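Q: Each chain is listed here by its residues.
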Amino acid sequence: MLKGMTRLVSRVHKNCVIFILEQCRGSCTYGCLPWKRETSWLDPGRFSHLGTQAPQCPVAHLDNQVPTERTRAISRTLENDPAKHGEQHVGQHYNISIQELKTVFPHGLPPRFVMQVKTFNEACLMVRKPALELLHYLKNTNFAHPAVRYVLYGEKGTGKTLSLCHIIHFCAKQDWLILHIPDAHLWVKNCRDLLQSTYNKQRFDQPLEASIWLKNFKTANERFLSQIKVQDKYVWNKRESTEKGSPLAEVVEQGIMRVRNATDAVGIVLKELKRQSSLGVFRLLVAVDGVNALWGRTTLKREDKSPITPEELALIYNLRKMVKNDWQGGAIVLTVSQTGSLFKPRKAYLPQELLGKEGFDTLDPFIPILVSNYNPKEFEGCIQYYLENNWLQHEKAHTEEGKKELLFLSNRNPGLLERLCAYL
Amino acid sequence: MAAPSVSCGAAVPYRLFLAGRVSFAREQGLWKAAASGLQTGTRCQILRLKHSPAVTTTKNVAALRRESYTVDFIKKQIEEFNIGKRHLANMMGEDPETFTQEDVDRAITYLFPSGLFEKRARPIMKHPEEIFPKQRAVQWGEDGRPFHFLFYTGKQSYYSLMHEAYGKVLHAEERQDQLRAKGLFSEKSKSKDLIGSRWLIKEELEEMLVEKLSDQDYAQFIRLLERLSALPCDAAEEEFVGRFRRTVTVQSKKHLIEPLQYDEQGMAFSTGQGKRKTANAEAVVYGHGSGKIEINGVDYLLYFPVTQDREQLMFPFHFLDRLGKHDVTCTVSGGGRSSQAGAIRLAMSRALCSFITEDEVEWMRQAGLLTTDPRVRERKKPGQEGARRKFTWKKR
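Sequences listed follow chains A and B, in order.
Mapped onto UniProt numbering, the consecutive letters of the first sequence carry residue numbers 1 to 424.
Mapped onto UniProt numbering, the consecutive letters of the second sequence carry residue numbers 1 to 396.
Worth flagging that the hints you see were computed from the coordinates, not collected in a lab.
One or more hints might be untrue.
DEER-style ranges, computed between Cβ atoms [claimed, not checked]:
id, chain 1, residue 1, chain 2, residue 2, range
1, B, Glu258, A, Glu79, 34 to 42 Å
2, A, His394, B, Ser338, 39 to 47 Å
3, A, Ala422, B, Glu258, 37 to 45 Å
4, B, Arg223, A, Ala422, 54 to 62 Å
5, B, Gly386, A, Arg260, 55 to 63 Å
These figures come from a predicted structure and were not determined experimentally.
We treat Cβ as the ideally placed atom computed from N, Cα and C, and that holds for glycine.
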């Protein structure tokens, strides 16, 4: 019954939750979908292995071109446009130029990946199944319907963040407006200065985080900021205010320059974007990494050492409004991760466990997409990519036994494989 | 079964031994002397009247130095032991006729359970021969004249043994010369009796001769024996040499290899158990698989986030080159992360033994994969801060 949902299937997971999707997304109709865990191999299109693999001896390259070309055929593809990626590209890396990287991803890439990009001097992302699936849904979205929420979940190190980046790249190419929060966990912990919010006395401001985010947001979406017009008048303080009809860029500037008002600027941006995307001027992609931070606990405390709940943080409050599916003209792609989460057990990776009851009810209904370890083809592709870049220096690295060892030790987990290869 | 106190050993009067000498000749076997050379001497058992005022203690001080048991005393002990064994068999409800020493040991551990760590301190009931140390009888007669002609060397049994062995060497060389002269000499390989056996070690030789030896003495003796065995010998000489050799068992043959079991689907599997420190593990290795390992229901990647532990799990498979070929399901409890990994490794290796050839089992044993690691936590001693660490030494 579901075109795209045929892949979502196999065993009913133990935390099976039946959620009903009322909306139809294009040609896909989702009926009662039990919460099923995907068995399809999801590629962590990440080259998250910033492993220090011993560089292959250059002699191997000079020897014959044929093996290298064959390995290139396995590990790389020339198709650099995510829109054209298909099943045949699973396990292959595609290139993103450095300029594009700077514009599309001012923030949001995992730090190890950034290091790898710097080392290899190129940014290559692996095409994997979950990302392909999401791309398929996004291509067939019906923008008249309310935004559909997609949740990428999986165990640690399987490649959720890089899948998200793949999607973001696709949407950027398709000229969507990207609202990317790189890690929501950063907003609920380790905040040095919490101010009482100017807008609402009950809430707290986080000027630093907000201003950093605004800067990155500006870099990512320059061209839109001048087109979108604000529809309300906003008074910042006695001397400054933004008139109705002025471009959004002004609000962002205000937030960047006046750090005290940064949080409010973020709130305004979110509100305006939500309002205006329904009008159909542009398409909005809301991408949040670590969305389970919005409903968890924080480690922040007030002056009297009493803990703060996430709702009392203005940033989180506005973000929650964004993640609700009461607007049209875009999509919401979320990731739940345990890595930065607070007070969650290490082995928890299911949305139910990580979001908690409140979060789950708020996000319900959504489409879950499981990201799991590499399948053999992807594993092979990843190893070949490293070998090509002379990252694996160990003499056994390109032999079959060496590959088997790596396979065993990492159990095909992309993150682990990357860290392992760092030592080779 | 109480150990008799030595001081009240039956003391036969000094004079009686003359009469009893002949009858005691039979008991020579009880009293240990040199293995060879003391054929002739009718040894007399030492009978020291310890508490008799008539005998002064200035004589034979050397014999008084060690506790000495009379033949009567030992014989009585043996009789008591046998009777006690029968009583014990009756107590345990077993047949007294077929009550072996192992049954005795088992019965004693059952009746007298002991928690002492030192096994030698626990209650035992063994034949008096094993309990009472072998002793030398007095080597001189009533006139003070020694029986053995080598007595004044100090180590009479050792030197008499060397004398005999050298005599045999000369004899064998003479025979060899004769054979050569006749032209019937042929090279015979002597290696067959040397394989699978080893020479006596010094302690064993000392025990045999009931004499203290030095290292050089021992080395000299072994060299002489090797020289003897290199020559063509006849049966008597071979038997002489054989007295000083002990067999060496091949280690790996002790290891039992379990046969493969098959479950309902016809998949071959094998179980193994392993221990390390306080961790116990049981592993079930399936014949065909893709290299998945499940521990307590959790994937091994999640159970052992540390790479070192996963490397331990990889070792047996990598050693046998069977990395992706087996599936494993195991349960483990106790210990910490490293000891659990070690226990699982041992269990997996033992289970894998059923799938591989004997040679590979031998290689695994030599690689140390099949040995339980005997290291356990050492106890803390009083007066020290830890097992080895002493308290900080302060000069004043």
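Q: Out of the numbered hints, which ones does the structure contradict?
A: 1, 2
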